[in-house]
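Asks: With chain U's structure known, arrange chains L, X and A on it following the hints.
There are 4 protein chains.
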Amino acid sequence: MEAEKGSRQEKRMDISEGMSVEDLTRQFSGAGYAGKRMAEAVEIYKKMIDDPNCIKFVSAAGALIAGGMRNVFVKLIRSGAVDAMLLTGAILTHDLIEAGGVKHFQGSNKVDDIELNKKDVFRMYDVFLDKKGFAVLEDRIQEILPKFPQEEMSPRKFLSELGKYIDDENSIIKACYDMNVPIFCSSITDSMLGFQVWMYSQRNELKINSQLDIGDFFDFSWKDGKTFGMLILGGGVPKHFVPGMMQASGNSLDYIIQITMDRPEHGGVSGMQIIEAKSWGKVSHRGLVCDMRCDVTLAFPILVANVLDYLKNKGQEAKK
Amino acid sequence: MEAEKGSRQEKRMDISEGMSVEDLTRQFSGAGYAGKRMAEAVEIYKKMIDDPNCIKFVSAAGALIAGGMRNVFVKLIRSGAVDAMLLTGAILTHDLIEAGGVKHFQGSNKVDDIELNKKDVFRMYDVFLDKKGFAVLEDRIQEILPKFPQEEMSPRKFLSELGKYIDDENSIIKACYDMNVPIFCSSITDSMLGFQVWMYSQRNELKINSQLDIGDFFDFSWKDGKTFGMLILGGGVPKHFVPGMMQASGNSLDYIIQITMDRPEHGGVSGMQIIEAKSWGKVSHRGLVCDMRCDVTLAFPILVANVLDYLKNKGQEAKK
Amino acid sequence: MEAEKGSRQEKRMDISEGMSVEDLTRQFSGAGYAGKRMAEAVEIYKKMIDDPNCIKFVSAAGALIAGGMRNVFVKLIRSGAVDAMLLTGAILTHDLIEAGGVKHFQGSNKVDDIELNKKDVFRMYDVFLDKKGFAVLEDRIQEILPKFPQEEMSPRKFLSELGKYIDDENSIIKACYDMNVPIFCSSITDSMLGFQVWMYSQRNELKINSQLDIGDFFDFSWKDGKTFGMLILGGGVPKHFVPGMMQASGNSLDYIIQITMDRPEHGGVSGMQIIEAKSWGKVSHRGLVCDMRCDVTLAFPILVANVLDYLKNKGQEAKK
Amino acid sequence: MEAEKGSRQEKRMDISEGMSVEDLTRQFSGAGYAGKRMAEAVEIYKKMIDDPNCIKFVSAAGALIAGGMRNVFVKLIRSGAVDAMLLTGAILTHDLIEAGGVKHFQGSNKVDDIELNKKDVFRMYDVFLDKKGFAVLEDRIQEILPKFPQEEMSPRKFLSELGKYIDDENSIIKACYDMNVPIFCSSITDSMLGFQVWMYSQRNELKINSQLDIGDFFDFSWKDGKTFGMLILGGGVPKHFVPGMMQASGNSLDYIIQITMDRPEHGGVSGMQIIEAKSWGKVSHRGLVCDMRCDVTLAFPILVANVLDYLKNKGQEAKK
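Protein chains in written order, with the numbering used here: chain U, 976 to 1295; chain L, 976 to 1295; chain X, 976 to 1295; chain A, 976 to 1295.
Just chain U, same shape as in the assembly (with noise of 0.2 Å):
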């Protein structure tokens, strides 16, 4: 979304009393850096809501959950906005332990981390997790496994089957059953979720295996018309995975979105400047880019308050 040449598009954001969330970002398309991208983030996150062949991934990585962001996921997964997710074995987790109870909660990044370990305190940069968290957690799946089917299954199916049994209304993992929208974890191993399962595999039947997701993710992604559209919070894995997938079958993403901290100048593709994926074909010549370097715990509940009030405009305007 980048200015024409010879538009030279001059107004300049401003601000005033009372704004709301959609004045403030509408005003953010006159600012330049990364006030600008938030508001091009927003009209792209629309145009996918507007294209009725869009296919709209949001891959997460990092501790988001940790950094309060859980229940902006839930609402944006309930808003009906979001086809499928791609998420870290770390993600679920956090938001399994959340469900069970266990909160993350404010700390400090002034600390002595020897005196936290003696506490059972974990510590995520400035927010704390107590390690009973994951006792909860391994006492809960250990618990629900043996209703499972006793076989072997992808991580997303899995992950659907996990969500039959959360009863938290604002987990990640049961907003995605309740919406069915599925959840492709290829990194699922690398996780405490991923390493219960591993143990209660070593007595039963049940078991994940991530290259089914390769297939459930073709079966999801691959039909006729469809157009495939792309937010990215954090990189790892969650963000390779669909543009990956894409050029493994000859598609592309026609519309992407990515908030990183993460710098591109070392080749790493959690950094990488979006718009190098069109060098590899993993996104359309057309496709509509925005490459914002911000801290997604302040980025995406701009995107998500922006996306709920544009659906809500939507529903009035389709009542009229």
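Note that these hints are calculated values from the structure, not bench results. We put the beta carbon where it would ideally sit given N, CA and C, even for glycine. It cannot be assumed that every hint is accurate.
Unchecked claim - Derived contacts from chain A toward chain L, CB cut-off under 10 Å, selection only:
no., residue
1, Leu1039
2, Met1167
3, Val1212
4, Pro1213
Unchecked claim - Chain X stretches covered by chain A per the calculated footprint, using a threshold of three residues with CB under 8 Å from any CB of chain A:
no., region
5, 1263-1271
6, 1281-1291
Claimed, not checked - Per label pair, the in silico range of CB-to-CB distance:
no., chain 1, residue 1, chain 2, residue 2, range
7, U, Lys1094, A, Arg1001, 51 to 57 Å
8, U, Asp1095, X, Lys1021, 51 to 57 Å
9, A, Glu1090, L, Glu1292, 52 to 58 Å
10, X, Glu1292, A, Asp1025, 41 to 47 Å
11, A, His1260, L, Ser1224, 46 to 52 Å
12, U, Phe1193, X, Asp1114, 18 to 24 Å
13, L, Glu992, U, Gly1200, 30 to 36 Å
Replies: Relative to chain U, chains L, X and A alone:
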């Protein structure tokens, strides 16, 4: 504003349709990382406003006029919530260029810089500026300077004089003049504005001398019973000057908010963790500190929108 | 390896003509910031080598083959100073592409990605790769796979099998096979290599299953009297897997060196301050920690050059 | 120094036992990202040395004395490979403190800043400095200043005078004085050194005026047939001053090397992509550019070690 040990603040952020910026910011207090710090920055600025003895400094460095923040600064200054500004020569230069009618416009960072140069277009990442802005600046400055007192003066005094001759209500320099807010700029030499004054000084008695800002700063801020608060936007000389003068005079800041994308690990002052200023005595032991790693163009408008709302609410309550 | 309170180490770094890398590194101990940490990283790696019980892990993520680090890895592996590797599927894929004769080459980040795409050139910041590398990979993999045991296997076992069929002495996979160094890759699904195996698995009994790496990891590392050391290059799953397994099994790392450009402030695991792993018990209370914020392509060759020198000196002393 | 389209430089970096810093740097040309740029930086600096008309500027900002770089600067200056320096007032201040016998020492960033303050220890991330360093500075400066010409002078002239009174051979200011290398410092006001001169000036005729550095800079650099090269260490005023003066005088840089950890995406001058200076005409169309994102304390010693080796080799060849 870090959580007390044992407070275990667990509430998590939520969003909803039709949110105001105030609602959003209140919700950010339930986030982690940059989200939480957005809420903290607003809380500290409110405390600065509520402290009748607080001298409120705002420093700014970086491409903030290019980034569309000019009106946001002006709204903050005209609200009365700033007592003194610390700016780079570049920000002053860009403010004057826009006051002269040449605006920054939205470009792209995927361009050929040599082609841009041939077209007389200057690039600041993905924002552009016409070369003619500097010609307009030169003409206007050389026309105004003969009207100034022909004597040596501090940057602060010079910039106050300059404010008399600017018509543009959206100029930062003009807004500061109107509101009697001094602008300190001890690095003015390193800017086109500083250079234009030097050119004029070659054949005239009008001179600026940065060293004189030291005396002006002490005259302005050394008053009994005062407390000191500071909002730092980006780093550089504007960030360093106030804490440096605090140290030189045995004073310290009581409130300090930093918004920057720079990193602390290499020890430079622009990216330093603001807490480390407590070791220097530049921030008081009980000083409130908020250290936010974010692009200013995203966080600053949210902060100022909250300040405007807060002042309006205070005004309405005062009337009752 | 932080200075004891009171030690007040004052010596400063110096340089001279004709310095060796060893001399330079010794001098870095007198620097601050990343310079000092370069010296610390080398010191910790030497301690890992000197500890006869230490299992030495090396994890790597990011565009490190594109970044020219392939021979550096191979030198480190063939030196005997590594006991196990943790890699991304992308690093394995890139290693195989280069083993197939298609090399990454130096490009530019100031290019038109759509033009590159038309020329079948893929970009990783300023390094390029021909699309045909992936065709070569596919041909080679589909030719080799029928020779494998046609059964389900862990990524670790699969990669060891794969090493048998690579001729290139400069291949990381081949070097690990030759040196009997296991490669764990629990995120192999998210790569072209994982995809090629999935393709083959659709009509054959050969499968890979990431969950099986957990058992293999425990078989490899759970031994009485062992200590654990780890060099982390970049973040992601390779970084997280070992500490995660340590936590799951009640073990902890005794030596840990991290080299990354990611940031800690948003709480993500890739950029986390390594010291925070002590709160989780993933690093022992007395564990030696070096946290270096640097591009791997600069720091890793310096580290490995020092390891080679150290091993040579040790060998010569042993002979006396 | 980006690869020509079609050059397809494929060689990859290698390392070996007993490498010299020269060998290592030659090998870096086969790396990507920061590694490759380390080699490019050295190549460009060599070209600056080989160009008999090149005026070689070195700018520095940040905690580089705290980071142990003092001797490295001195070696570079005394080698004759620098024609002018651009420094912050802080670097000059720290150089004087160390000349006064108070050294920075290695600390930790995991400390209580309030406790440090009570012990009169100042922190710069993980390097410490005793408060008494500033007392020593004050005593020494106030003792020396009466010996200066009691008149207004530019920072450049002031710093040259100051060099006469420093005994420490490892002082940057002394080395510049000995080698007749001017130091420009247009932001000297913003430092303890600037403050000490201001104190003295209150009752004496000796003054410094940053504006006078403009004329001194033009006198120094405006000469027929000259080319211009610059090594930029960190950002800030020292980075900006030379390109700004180039623009003001219609000149441009022909060689430019930047080493910084700052980011470009928010448009600030400290982290800008150096190539963008071509749009401004501050760097010539054919100017050689190296843009390296790295902590200066790691890359700068490697660069200077190579310069010393190169000069020695040139000297030996000249003798033949």
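Asks: Against the range 51 to 57 Å, how does the distance between the Cβ atoms of Lys1094(U) and Arg1001(A) compare: consistent or not?
Replies: 52 Å, holds
Asks: I want to verify a distance hint. Is the separation of the beta carbons of Glu1090(A) and Glu1292(L) within 52 to 58 Å?
Replies: 41 Å, violated
Asks: Would you check chain A against the region 1263-1271 of chain X, counting CB to CB pairs closer than 8 Å, and say if three or more residues qualify?
Replies: Coverage by chain A holds for the region 1263-1271 of chain X (3 residues, Cβ < 8 Å).
Asks: Cβ-Cβ distance between Phe1193(U) and Asp1114(X): within 18 to 24 Å?
Replies: Holds, since Phe1193(U) and Asp1114(X) (Cβ atoms, about 22 Å apart) stay within the stated range.
Asks: With a C-beta cutoff of 8 Å, work out whether three or more residues of the region 1281-1291 of chain X approach chain A closely enough for the coverage to hold.
Replies: Held - the region 1281-1291 of chain X has 3 residues with a Cβ nearer than 8 Å to chain A, which meets the minimum of three.
Asks: Close enough to count: is the Cβ of Leu1039(A) nearer than 10 Å to one in chain L?
Replies: 8 Å, holds
Asks: For Glu992(L) and Gly1200(U), compare the CB-CB distance with the range 30 to 36 Å and indicate the outcome.
Replies: 31 Å, holds
Asks: Could you say whether the range 51 to 57 Å given as a hint is met by the Cβ separation of Asp1095(U) and Lys1021(X)?
Replies: 34 Å, violated
Asks: Please test the hint of 41 to 47 Å on the beta carbon pair from Glu1292(X) and Asp1025(A).
Replies: 43 Å, holds
Asks: Should the hint that Pro1213(A) touches chain L count as held when the rule is a Cβ pair under 10 Å?
Replies: 9 Å, holds
Asks: Under 10 Å is the threshold here; is the Cβ of Met1167(A) close enough to any Cβ of chain L for the hint to stand?
Replies: Since the shortest Cβ distance to chain L is 7 Å, the answer is holds.
Asks: Is it true that His1260(A) and Ser1224(L) lie within 46 to 52 Å of each other by Cβ?
Replies: 49 Å, holds
Hint compliance for this structure: hints 8, 9 are broken, all remaining hints hold.
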